[in-house]
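There are 2 protein chains.
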Amino acid sequence: MSQSNHKPIGVFDSGVGGLTVVRALMERLPHENIVYFGDTARVPYGTKSRNTIEEFSLQIVDFLMQHEVKALVIACNTIAAVAYKRIQQMAGNMPVLSVIDAGAQAALKTTQNNHIGVIATSTTVNSNAYARAIHAHNPDTRILSQATPLLVPLVEEGWLEHEVTRLTVREYLKPILADHVDTLILGCTHFPLLKPLMKQEAPNIELVDSSITTAEATAQALSHANLLNQSQQMPDYRFYVSDIPLRFQTIGERFLGRSLEQIEMMRLG
Amino acid sequence: MSQSNHKPIGVFDSGVGGLTVVRALMERLPHENIVYFGDTARVPYGTKSRNTIEEFSLQIVDFLMQHEVKALVIACNTIAAVAYKRIQQMAGNMPVLSVIDAGAQAALKTTQNNHIGVIATSTTVNSNAYARAIHAHNPDTRILSQATPLLVPLVEEGWLEHEVTRLTVREYLKPILADHVDTLILGCTHFPLLKPLMKQEAPNIELVDSSITTAEATAQALSHANLLNQSQQMPDYRFYVSDIPLRFQTIGERFLGRSLEQIEMMRLG
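So the protein lines, in turn, are chains A and B. My numbering puts the first residue of the first sequence at 1, with every later residue one more than the last. My numbering puts the first residue of the second sequence at 1, with every later residue one more than the last.
Please note: incorrect hints may appear among the correct ones.
Where chains are identical, the list cannot tell them apart; a pair therefore holds if satisfied intra-copy or between any two copies.
Derived EDC-like pairs: lysine to aspartate or glutamate, alpha-carbon spacing no greater than 20 Å straight-line [as the list claims (entries may be wrong)]:
(1) K174 x E157
(2) K174 x E161
(3) K85 x D140
(4) K109 x D209
Derived from the structure by calculation, the hints contain no laboratory data. Computed from a prediction, not measured in an experiment: that's the story for all the values here.
Given these sequences and hints, build the entire structure.
Dropping the structure here:
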């Protein structure tokens, strides 16, 4: 066991959505220290250009590497879709986990008819990253992607069961349902909060929640690299954000599923 | 007439919404040169903290002052709500126009029952800026403010007539209608695109579109300061943005009402 085992896992997102991944990591890997960065001053990324997303993402990775993380978890589909390769180059030998790889592999294990749907931000859909990740394993899988830009603001407004959200989901799922996909990847960390409503609107489709599959992939990668923390001490969690807006605590805790403490503000760029 | 008359008017916003104000300025003041800055890399501001909004806004003003503008038009309600005073300090003797002041004065002229509603972003509503601007002229006016965070993404999705948008507007207008306001300020530059739908949902309420009133206020301020451009040459329009995302052209032209040319990218901060 090397000195690195006690080092934290670095998890990052454009905002608070990545806290759903932190939550899954806390449950799956209860002894690991975690440092989180959410770029709340510049959120959302999903409607911005590839160059801008890449530039912002590399600033975050630089910040996390200054915290001597032992692994990086890209907890934002948009960042993973656009900047994964550059992040891997910066990370060197360090394991880099991506919500997209984890989600793609989980969907491939789930599908029976080899027909997978993806809902995500416009930038993630346009990047074609899920299709690439899935086709790398099985080139014969059919994939239908749908940009769903309104779901993030609906979740942030807290309208998780609202009629407006139901109609929006229904509209977005129309092509998915018409095309008989049997497995739907929730390609944005905000979407797991809409699972109850989506299950009602698409009862015959299996939903892939990449926060859970990313936590599992992280556990496997750390184990494989002999980097699991064997300490039985209480883990240390640190949360950095580039802005602390109104209602941040409320929204953040909804994603994390527990109280948010030790938040520090840090402006990048 | 001084040397300053040929200088451009500086107009700015957190993103593309301020182009509705540019459009109104082009119509009201067809001989004026205009330089626009939209902070598309960090949009939206309306859900961010006051400190962050102020910091970003002053960076924009600094950029516009380097372009030797003769007047500043704050074409973003959130910026006007939070950073107006600091911007005025930076601007020195230069006229500074604000969509909030213009909207407040137009609403006061419109209301018959002295009961005004405001719909705006969360930050604008929480700043209480409209109430302050209205009460400075008439302390007896009753004001009902409602944060409507979903309307910006609905407009950007282009769902201007969609059933989902109608239900969302209906939900947000419930307290406004119940309280019998007779005049509603559209306190965000995205909202004028929803005027047709809002007129159907609130047929007895007068809607105040601050882009038009801001253009009028700008014309008066320039005239008063003897700064109107007397040149009959074709005016020069320059558009700077901090990011050029997918569909920028489409969305921008929807707001501007004409083709968008001479767009340059400029990162601040």
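Hint check:
no.: 1; hint: K174 x E157; in the structure: between (23 Å within a copy, 17 Å between copies)
no.: 2; hint: K174 x E161; in the structure: both (19 Å within a copy, 19 Å between copies)
no.: 3; hint: K85 x D140; in the structure: neither (24 Å within a copy, 61 Å between copies)
no.: 4; hint: K109 x D209; in the structure: within (13 Å within a copy, 53 Å between copies)
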